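> Protein chains in written order, with my numbering: chain V, 1 to 153; chain Z, 1001 to 1153.
Warning: the hint list may mix true and false statements.
If you want the footprint, here are the derived chain V segments under chain Z, 3+ residues with CB under 8 Å [stated by the list, open to error]:
| hint | segment |
| --- | --- |
| 1 | 11–21 |
| 2 | 51–57 |
| 3 | 63–74 |
| 4 | 91–102 |
| 5 | 117–131 |
These are computed hints drawn from the structure, not numbers from a lab. Since the model is a prediction, treat every value here as computed from it, not as a measurement. Where a beta carbon is used, it is the ideal one built from N, C-alpha and C, also for glycine.
Number of protein chains: 2
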Amino acid sequence: MVTYRDATAADLPAIVLLLAEDQIGGRRDDPGPPLDSAYAAAFAAIDGDPNQRLIVAVSGGTVIGTMQLSFLPGLLNRGAWRGQIEAVRIAADQRGQGLGADMIGWAVEQCRARGCFMAQLTSNNDRGAAHRFYERLGWQKSHAGFKLYLEAY
Amino acid sequence: MVTYRDATAADLPAIVLLLAEDQIGGRRDDPGPPLDSAYAAAFAAIDGDPNQRLIVAVSGGTVIGTMQLSFLPGLLNRGAWRGQIEAVRIAADQRGQGLGADMIGWAVEQCRARGCFMAQLTSNNDRGAAHRFYERLGWQKSHAGFKLYLEAY
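Next comes chain V alone, as it looks inside the complex (with noise of 0.2 Å):
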């Protein structure tokens, strides 16, 4: 039975646990202890924002999953609300077994509930097997996603 939660400080271990073990976005994320302080900053800004949502999915108390929820005002399409989900990491061992398909289910959900007209996301392009499943959701690739890193990376 997994349940789906806003994160409490006290999740950030774990959070960033999962983070870490990600090879293509997590290699300069360190989930030690000690937890680099810069996390907890990060988490009060998200925390404080009533646009932005971290979540965990837990089961039997221990955080298996994790996501950012983040709703967008904008012009666009008369004034429409977007709903932005990043940072969707699953544990290792929790995977296949539909949790990713329940997870995004939920998102998509929280869009709904919060007047969104349209979701959305971006992977990287190396994440082959997450695109085919966004794909097999019913998501559109219609859009090319470009980063500029502005610091070393």
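Using the hints, position chain Z against chain V.
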């Protein structure tokens, strides 16, 4: 001489005109008059959020370009912020004169000033010229952008 500034409510008709003129992204937008009150509500949401900036490029008192900047907190990369650029539009009669590169350069500087480690944007796969433009400016086309529409579009 082009200057950039945060938009005011008085700029909304000019901005929405730029959005509506775009064949790919603006087909549900209507510049009026009258201007749909939903645009004013969206502007209020942007204007009231310190992490959202609606920008206009102005020349001779006329709005000739627009874009939205979103500053996003996150845990990834040791709690680094991202700058996101969305809804970049330039008036048809102002294209091909370097305004786009100037606008994006200005936007990137705003991201640096906010301490972002990365700037990001997505661009529709039908905008091939824009993709080449961003690559010329040094952006990496490293991701795929997925969209899921939650209402008829």
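> Of the numbered hints stated earlier in the document, which are not met by this structure?
Number 4 only.
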